[in-house]
Amino acid sequence: MNVYHLRGPAPYYTNSFVIVTDQGNAVAVDPAPAADEIDRLLAEKNAKLTRIFLTHGHFDHVYSVEELRRRWNCPVWLDPADAKGDAMYPVSKSDACYEDGTPIQVDEAEFTPWHTPGHTAGSWIIECAGLLFAGDTLFAGGVGRTDLEGGSPADQRASLKKIKTLPLADDTTVLPGHGDFTTLGQEKAENPYLMFV
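Under UniProt numbering, the letters of the sequence shown match residues 1 to 197, in that order.
Source of the hints: derived by calculation from the structure; they are not laboratory data. Treat the hints with care, since some could be wrong.
[Unchecked claim] With beta-carbon atoms standing in for the labels, derived distance ranges:
1. P11 to N73: 27 to 35 angstroms
2. F196 to R71: 42 to 50 angstroms
3. E149 to C97: 33 to 41 angstroms
4. K84 to G179: 33 to 41 angstroms
5. R145 to G185: 19 to 27 angstroms
6. G141 to D107: 15 to 23 angstroms
7. A34 to D170: 32 to 40 angstroms
8. F181 to D107: 31 to 39 angstroms
We treat Cβ as the ideally placed atom computed from N, Cα and C, and that holds for glycine.
Could you put together the complete structure from these sequences and hints?
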């Protein structure tokens, strides 16, 4: 399994990821770059896109979802709460839903999702092989804002408490939706939002 990091366009520069299994099956997480850019990567790695996982439905995380879904005829995992089809939440249809703590197997790669509402009602984090795709739930030194449509400070606090109790090692690499990568242990020790919930 190999993981490739791409960035979406300005001004948000959303962190996006493509995971390619040893068998050449690819999973895109929050595909914000143009579909052509993702397709070039897939061609270079001789991979086919078989699934799209979304941490939440905000527009800056889903720029190329519909085009990739059309080109590759692959299913999109998105919480129905974030599938609204409007300007803030452009994707109107999810093909599959996560189940809290239930792994999704893609060849040798095992993706375990957990529901973490707060930034949006349909926010999820996804762990795979020591990597935590955190979306806008958890950043290096911060958390996602809760003052937009669908946000909830109370839900966010509950989700942060939940993250602290999950069976994740402190050396788990946190791959947030924006900004620098970090580790879960560092955030537990230094991120005030995690320290004091």
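Verification of the hints:
{"no.": "1", "hint": "P11 to N73: 27 to 35 angstroms", "verdict": "32 angstroms, holds"}
{"no.": "2", "hint": "F196 to R71: 42 to 50 angstroms", "verdict": "45 angstroms, holds"}
{"no.": "3", "hint": "E149 to C97: 33 to 41 angstroms", "verdict": "21 angstroms, violated"}
{"no.": "4", "hint": "K84 to G179: 33 to 41 angstroms", "verdict": "26 angstroms, violated"}
{"no.": "5", "hint": "R145 to G185: 19 to 27 angstroms", "verdict": "24 angstroms, holds"}
{"no.": "6", "hint": "G141 to D107: 15 to 23 angstroms", "verdict": "34 angstroms, violated"}
{"no.": "7", "hint": "A34 to D170: 32 to 40 angstroms", "verdict": "36 angstroms, holds"}
{"no.": "8", "hint": "F181 to D107: 31 to 39 angstroms", "verdict": "24 angstroms, violated"}
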